[in-house]
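Trainee: Construct the entire structure; sequences and hints are all you get.
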Amino acid sequence: MSYGNDGGHHAGSNGEDDAHGSELAHVQGNPFADPGLPHHEPRRTDIDARAANRAERQVAALFTLSSLLTIAFIVCFVSIDKEKDMYVLGLGTVNSLNFALGVTLGGSLLCIGFGAIHWARKLMSSEEVVDYRHPMKSSPEDTAAVVEMFQQGVADSAIPRRKMIWTSLLGAMALFPIAPVFALRDLGPLPHKKLRRTLWDDPSHRQIVQANDERRIKASDFALGSLVSAKPNDLETQEDLAKAAIILVKINPKEIRRQEVADRGVRGILAFSKICPHAGCPLGLYEKTTHHMLCPCHQSTFDLADGGKVVFGPAARNLPQLAIEIDNEGYLVAKGGFGQPVGPSFWERGDG
Amino acid sequence: MKRLSARRRHPLAALVVLLLALGAVGGLYSLFAPTGQASAADDPSSLQIQEGKGLFITSCSTCHGLQGQGSSDGPGIAGLGAAAVDFQVGTGRMPLQSRETQAPRKKQAFTEEETAAIAAYVQSLSPGGNPIPTADKYATDGDLQEGGEIFRTNCASCHNFIGKGGALTRGKYAPNLTGTDPKHIYEAMLTGPEAMPTFSDGVLTPDQKKDVITYIKTIASEPDPGGYAAGRIGPVTEGLLMWTVVIGALIGAAVWLGAKAR
Chain E
1 MSYGNDGGHH
11 AGSNGEDDAH
21 GSELAHVQGN
31 PFADPGLPHH
41 EPRRTDIDAR
51 AANRAERQVA
61 ALFTLSSLLT
71 IAFIVCFVSI
81 DKEKDMYVLG
91 LGTVNSLNFA
101 LGVTLGGSLL
111 CIGFGAIHWA
121 RKLMSSEEVV
131 DYRHPMKSSP
141 EDTAAVVEMF
151 QQGVADSAIP
161 RRKMIWTSLL
171 GAMALFPIAP
181 VFALRDLGPL
191 PHKKLRRTLW
201 DDPSHRQIVQ
211 ANDERRIKAS
221 DFALGSLVSA
231 KPNDLETQED
241 LAKAAIILVK
251 INPKEIRRQE
261 VADRGVRGIL
271 AFSKICPHAG
281 CPLGLYEKTT
291 HHMLCPCHQS
301 TFDLADGGKV
311 VFGPAARNLP
321 QLAIEIDNEG
331 YLVAKGGFGQ
341 PVGPSFWERG
351 DG
Chain S
1 MKRLSARRRH
11 PLAALVVLLL
21 ALGAVGGLYS
31 LFAPTGQASA
41 ADDPSSLQIQ
51 EGKGLFITSC
61 STCHGLQGQG
71 SSDGPGIAGL
81 GAAAVDFQVG
91 TGRMPLQSRE
101 TQAPRKKQAF
111 TEEETAAIAA
121 YVQSLSPGGN
131 PIPTADKYAT
141 DGDLQEGGEI
151 FRTNCASCHN
161 FIGKGGALTR
171 GKYAPNLTGT
181 DPKHIYEAML
191 TGPEAMPTFS
201 DGVLTPDQKK
211 DVITYIKTIA
221 SEPDPGGYAA
231 GRIGPVTEGL
241 LMWTVVIGAL
251 IGAAVWLGAK
261 AR
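Note that the protein sequences, when read in sequence, are chains E and S. For the record, in the first sequence the residue sitting at position 270 is 270 according to the numbering used here, with numbers rising by one throughout. For the record, in the second sequence the residue sitting at position 161 is 161 according to the numbering used here, with numbers rising by one throughout.
Derived by calculation from the structure, the hints in this document are not laboratory data. Be aware that one or more of the hints could be misleading.
Unchecked claim - With a Cα cut of at most 25 Å, we get these calculated SDA-like pairs of lysine to any residue:
| id | chain 1 | residue 1 | chain 2 | residue 2 |
| --- | --- | --- | --- | --- |
| 1 | E | Lys218 | S | Thr218 |
| 2 | S | Lys172 | E | Cys297 |
| 3 | S | Lys260 | E | Lys335 |
| 4 | E | Lys309 | S | Gly166 |
| 5 | E | Lys218 | S | Arg152 |
| 6 | S | Lys260 | E | Ser125 |
| 7 | S | Lys260 | E | Gln299 |
| 8 | S | Lys172 | E | Gln299 |
| 9 | S | Lys172 | E | Val310 |
| 10 | E | Lys335 | S | Lys164 |
| 11 | S | Lys172 | E | Asn318 |
| 12 | E | Lys84 | S | Arg152 |
| 13 | S | Lys164 | E | Ala211 |
| 14 | E | Lys194 | E | Pro344 |
What the hints assert, rightly or not - Quick look at which bits of chain S chain E covers, simulated, 3 or more residues with Cβ under 8 Å:
| id | region |
| --- | --- |
| 15 | 146-156 |
| 16 | 166-172 |
| 17 | 182-195 |
| 18 | 202-211 |
In this text, a Cβ means the ideal position worked out from N, Cα and C, and glycines have one as well.
Mentor: Next comes the structure, spelled out in structure tokens:
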């Protein structure tokens, strides 16, 4: 141990440091010695009989209170009219019976708990006791006995002599898991074209009707900024609704950003799928000032004035627009299907 | 003629002439002075419009223009109709206190009469627009179940399933409907204030609007049998309470249990 670049006048003291250094590395005894149990300090109840008696009375009082509350519970259960309400500060108007039953039963149980803990802390012995762990490993005799039993079992099963059994068993075990995997094929028919078609593709279901009362919708029903949830006429199953549900909005034609978007609508009335292309939640949160449609599930935001373009959120695709027109009687009808699958992505969709 | 001249000296002739003369004068008067009588009948509403005009010029025209045509500071409101004005002024949203993303509901700046006067004036500026609905339209005796369905389809995505309101984008929000006056709910549906879509009578019939109001008001008056409802907005506040207050209390109890007794 030498500090070569130290000044010459320190040479003497360096020698001393060396001597001390070798002493420092040499620690007396175990530095991490077990400090043992802390000194036992008696509680006040251990030395003062009056304090101990008081603690005993407190515990007994808690247990007695618990009994009283249990009786009160029974009394409340029988006597309080279940239709009655009462006002409780900080809670508001509550049903009297619910409140009384909760307070009495909860209080009763709480008093037993508090009493037991008070008893343990104040009156039960507080002497620290050490309880050592047993070693985890089995004794050598036990280990040897198990090994001997196993080898005896192997010999008894005749595996070492009859190899064919062992080999065929291995084959059977390896093959068996294939059966349940193969059964997964039976999870249901493949969707085939189902997800690509909605009821709008069927010419007999092209009338646009209100989602709630199935009224047919006229272009003149709309005011600027209107929002309507709609579906095709003569809907039969919820499954069809889950794909064909649409929303209609009326936007000032001057505010529609692209001509082809306006062309798919009628006088500023645009129709879009109501099903979010992210996770399939029904959309409905529409701000008429910004023309933004939000999905309530993950806040994907679509600009309807820009053809349902995603402007925020996890949706990967734009909201599909449904081309609409007016029929001879003035009602709104769809020109055809969406031309693409609606709703969330699926394995076979093809375009990610 | 001979018979008439023969009777001109009849004692009643003077009376007949007098009556005819009186009738002629009265008839002529009513011919020449019909306008005065008509304006006297119209007086209350024209007075109201005059009063509304005064209030509009002092309190609204800075932003909305002297004729309600709008300016760089506020949209044109001529032709919007009385319902929109009654909603905006009646809920205290207008006059605007400061430029914010959304006008908050606050204490009304005008009395009901003044609000009605401003509404009448704006209605008189330009034809069209919705008049203030009559009380029978927003009575809460509609179909509760129907109202619930319509509410969940059209309103719940912004205003929450029981009308407690919710957040929109960029600081905008859908207000809590629990304490809103049924008339104002009706007007809001009809006119679509700010970011809210318009539910015109073609989209939601007046009966359906009444059903929706019935639903909102019935739901708002339902009691909370369990006591504190934590805002009635479901698992979010309930979870927050559990995680902070209840788990905090449990940790406190655990610390107390583990403390060394003295």
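Trainee: So, for every hint listed, does it hold in this structure?
Mentor: Evaluation of the provided hints:
no. : hint                : verdict
1   : E:Lys218 x S:Thr218 : violated, 32 Å
2   : S:Lys172 x E:Cys297 : holds, 18 Å
3   : S:Lys260 x E:Lys335 : violated, 79 Å
4   : E:Lys309 x S:Gly166 : holds, 24 Å
5   : E:Lys218 x S:Arg152 : holds, 23 Å
6   : S:Lys260 x E:Ser125 : holds, 13 Å
7   : S:Lys260 x E:Gln299 : violated, 51 Å
8   : S:Lys172 x E:Gln299 : holds, 14 Å
9   : S:Lys172 x E:Val310 : holds, 19 Å
10  : E:Lys335 x S:Lys164 : violated, 39 Å
11  : S:Lys172 x E:Asn318 : holds, 24 Å
12  : E:Lys84 x S:Arg152  : violated, 31 Å
13  : S:Lys164 x E:Ala211 : holds, 23 Å
14  : E:Lys194 x E:Pro344 : holds, 14 Å
15  : 146-156             : holds (count 6)
16  : 166-172             : holds (count 3)
17  : 182-195             : holds (count 3)
18  : 202-211             : holds (count 3)
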